[in-house]
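Enquirer: As they're listed, the protein sequences go chains A and B.
With my numbering applied, the first sequence has no gaps in its numbers, which climb one by one up to 152 at the end.
With my numbering applied, the second sequence has no gaps in its numbers, which climb one by one up to 239 at the end.
Check the hints yourself; a few may be wrong.
Claimed, not checked - Using 20 Å as the maximum straight-line C-alpha spacing, the simulated EDC-like pairs for lysine to aspartate or glutamate come out as follows:
#1 B/K230 to B/E134
#2 B/K99 to B/E50
#3 B/K230 to A/E64
#4 B/K99 to B/D75
#5 B/K99 to A/E64
#6 B/K99 to B/D228
What the hints assert, rightly or not - A few chain B residues that don't get close to chain A, going by computed Cβ distances all over 12 Å:
#7 D75
#8 D162
#9 K178
#10 T183
#11 A191
#12 A192
#13 A206
#14 N212
#15 L214
#16 F215
#17 E217
As the list claims (entries may be wrong) - Covered stretches of chain A, going by a simulated chain B footprint (3 or more residues, C-beta under 8 Å):
#18 56-63
#19 66-77
#20 120-129
If you are wondering where the hints come from, they were derived from the structure by calculation, not from laboratory data.
Just so we're clear, the structure is a prediction, and the values are computed from it rather than from any experiment.
Ideal Cβ placement from N, Cα and C applies to all residues, glycine included.
Residues per chain, in single letters:
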Amino acid sequence: MRWEKFLVALVIVFFAIVFQVRLSGGGGAVVDVALAALVACGAVLTVGEMALLTVLAAWALNWEPVFGWEIGVFIIVVTLARLMRPFLPWQPWFSNLLAVGVAALCFNFLAAWPLPATDPVAFLTSWLGTIFVGAFVFQFLRVVFGRETGSR
Amino acid sequence: MTADRSILLILVAVGVLALFFQPSAGWALQGILRTDESSALLAQMNLARENTVLKTRIAESEALTRTAAILGSRDHVPAFVYSRYPFSFKNELLIAAGKESGLVAGSPVLLPVVPEASSSSSTMSAILVGKVREVFERTASVQTVFDIGFQVAVRIGAAGTDAVLSGGAEPQLTLIPKSSVVTPGEVVYAAAPDLPYGLPIGEVGAVRMSANQLFQEAALSLSYTGNDLKIVVIPAAKN
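Input sequences plus hints: build the corresponding full structure.
Expert: Have a look at this one:
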C-alpha cells in the first residue's frame, strides 16, 4: 500500500518540522531533524513521493521571501540521498546511517560554511544528533513496515 | 498506477508553486507550530528586562552624564517576527517591516520593555537583540545575538569597561582587559560606532580568564530567549 507508506512518512516529517521549528528559536544547538527524517523516509518512498514530501518540507521551513541558498541545498541534498539509496551496497540500517550522515555533512558544509569550522563542537553535536534522529526514524519505519524496509 | 503518478506530479507542482509564490503561508504555519509562553512567565521575563534597562540607566547617570538619553527620543518601527532561520548555526529572524517602512541594513533591532501600568515613565525602553542584516520590500532579516557571527563592541557597568560581545547559543563577552574588575550582574550596553550608544543588552554572568590568559571573558546573562522574540522595534532611519 503506497499511500499508507506516504501517509506515515508525511506524519513523521510533519512532527520533524514541528521539532525543528520549535528548536530553532531557542538559541541552542539545532539538530537537522527534518533533514534526518526525510532522508530516512527515503527508504520507503518512491522518488516522486520523496519529491513531493521534500517540496512540502522546504515550503514549511522556508523563512525568507526569496528562495534561499539553504533551502535549495536542502532540496538537492535530500533528493540526491534518495537517488543514491539503491546503489548503497550495505545492510539497510547502515546504508541509512551513511545516507543521513553524508547528507547532513554536505548540507552543513554547503549551506553554512565556514560556520562548521568556526564552532566544530557545536557542528559535531548537531551532526551526531542528526544521525541519531535518522537512525531512530529508520528503526520506526522497520517496526511499522517490516524488516525488509530499505532493502534494494 | 498512471493516475497515481499524475496526482503525485500535480501535488509536487502545487508544492513548488507554494514554495516560490506563497512563502508567507509557510511562515504562518511556522507561527502555529510554535508554543506560546504562559503570561506569568512572560511578565517575569519582562520584569527582568526592565531591571536590565534600569541598571543601564543608573550606569549611564553615574559615568556617562553627558550622554543624551537615547531611548524614547527617537521614532521606532514596530515589527512582528514572521519566521526564523530553521537550520543549525545561524540564528536569524524575518520581521514584518522592510524598505517600505524605511528600514536599512545594520539598524539595531530592539526588544521593547512594556512599562508597568503604575510607571510614570512615558518613554519606551528596549534591549538590543540584534541587527538588520538584509532588507526586502516588506520584510527584513535580522541577525540576533544568538547568531555565531554576531559581534558588537560593548561596555560593562558604571566603569565602562570595554569588551566585545560574541554571539552564539550562549553569547560571550570577550577581550575584557585583564586589569579591569568585572563582576557578575553588571550591566552590558552597546558601544559600537554603528549603533546608538548605550543600548542595554544584558548582564555579566560568570567571569573567567581567556584560554591565552591575556584577557578576561564572561558569559552574557540575558533576560529573554530566542523564542521570546515575537515583536521587535527598529529605530526609524533618519533621512
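Enquirer: Evaluate each hint against the coordinates.
Expert: We went through each hint and held it up to the structure:
{"no.": "1", "hint": "B/K230 to B/E134", "in the structure": "19 Å, holds"}
{"no.": "2", "hint": "B/K99 to B/E50", "in the structure": "30 Å, violated"}
{"no.": "3", "hint": "B/K230 to A/E64", "in the structure": "16 Å, holds"}
{"no.": "4", "hint": "B/K99 to B/D75", "in the structure": "16 Å, holds"}
{"no.": "5", "hint": "B/K99 to A/E64", "in the structure": "15 Å, holds"}
{"no.": "6", "hint": "B/K99 to B/D228", "in the structure": "25 Å, violated"}
{"no.": "7", "hint": "D75", "in the structure": "25 Å, holds"}
{"no.": "8", "hint": "D162", "in the structure": "23 Å, holds"}
{"no.": "9", "hint": "K178", "in the structure": "25 Å, holds"}
{"no.": "10", "hint": "T183", "in the structure": "25 Å, holds"}
{"no.": "11", "hint": "A191", "in the structure": "23 Å, holds"}
{"no.": "12", "hint": "A192", "in the structure": "21 Å, holds"}
{"no.": "13", "hint": "A206", "in the structure": "18 Å, holds"}
{"no.": "14", "hint": "N212", "in the structure": "17 Å, holds"}
{"no.": "15", "hint": "L214", "in the structure": "20 Å, holds"}
{"no.": "16", "hint": "F215", "in the structure": "19 Å, holds"}
{"no.": "17", "hint": "E217", "in the structure": "16 Å, holds"}
{"no.": "18", "hint": "56-63", "in the structure": "holds (count 7)"}
{"no.": "19", "hint": "66-77", "in the structure": "holds (count 5)"}
{"no.": "20", "hint": "120-129", "in the structure": "holds (count 3)"}
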